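Student: Residues in the sequence shown are numbered from 1 upward in steps of one, following full-length UniProt numbering.
Quick caveat, the hints were computed from the structure, so don't treat them as lab data. Hints are not guaranteed to be accurate.
Now the in silico label distances, taken between C-beta atoms and shown as ranges [as the list claims (entries may be wrong)]:
(1) Ser16 <-> Leu37: 25 to 35 angstroms
(2) Arg14 <-> Ile34: 23 to 33 angstroms
(3) Val39 <-> Ser8: 39 to 49 angstroms
(4) Ser9 <-> Val39: 36 to 46 angstroms
(5) Ala10 <-> Val39: 24 to 34 angstroms
(6) Ala35 <-> Tyr13: 39 to 49 angstroms
(7) Ala31 <-> Ala10: 29 to 39 angstroms
(8) Ala10 <-> Gln32: 41 to 51 angstroms
(9) Ala35 <-> Leu15: 22 to 32 angstroms
None of the values given here were measured: they were computed from a predicted structure. Beta carbons are placed, not taken as given, at the ideal position from N, Cα and C, and that holds for glycine.
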Amino acid sequence: MPAPTWHSSAARYRLSFICDSRAYTGMMRAAQLIASLRVF
Numbered sequence: 001m002p003a004p005t006w007h008s009s010a011a012r013y014r015l016s017f018i019c020d021s022r023a024y025t026g027m028m029r030a031a032q033l034i035a036s037l038r039v040f
């Protein structure tokens, strides 16, 4: 049963936003970890 286009688009946008935010935080943590390893 297909969902309405506005609902699916909103859910897809929200899901992509959450995934992007998680990926961004993960990349920032990895960058901080690499920076700390380079310092020591």
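Student: All hints are to be evaluated individually against the structure, with a verdict given for each.
Tutor: Consistency of the hints with the structure:
At about 31 angstroms, the beta-carbon gap between Ser16 and Leu37 stays in the expected band of 25 to 35 angstroms. Evaluation of the 23 to 33 angstroms hint for Arg14 and Ile34 yields a pass: the beta carbon distance comes to about 31 angstroms. Checked against the hint of 39 to 49 angstroms, the pair Val39 and Ser8 passes, with Cβ atoms roughly 46 angstroms apart. Between Ser9 and Val39 the beta carbons are some 45 angstroms apart, a value that agrees with the proposed interval 36 to 46 angstroms.
Checked against the hint of 24 to 34 angstroms, the pair Ala10 and Val39 fails, with Cβ atoms roughly 43 angstroms apart. Look at Ala35 against Tyr13: about 32 angstroms separates their beta carbons, and that is not inside 39 to 49 angstroms. Judged by the Cβ atoms, the range 29 to 39 angstroms given for Ala31 and Ala10 holds: they are separated by roughly 31 angstroms. Ala10 and Gln32 have their C-beta atoms about 33 angstroms apart, which leaves the hinted 41 to 51 angstroms range violated.
Distance hint check: the CB atoms of Ala35 and Leu15 are about 30 angstroms apart, consistent with the given range 22 to 32 angstroms.
When the structure is compared with the earlier hints, violations turn up for hints 5, 6 and 8 and for no others.
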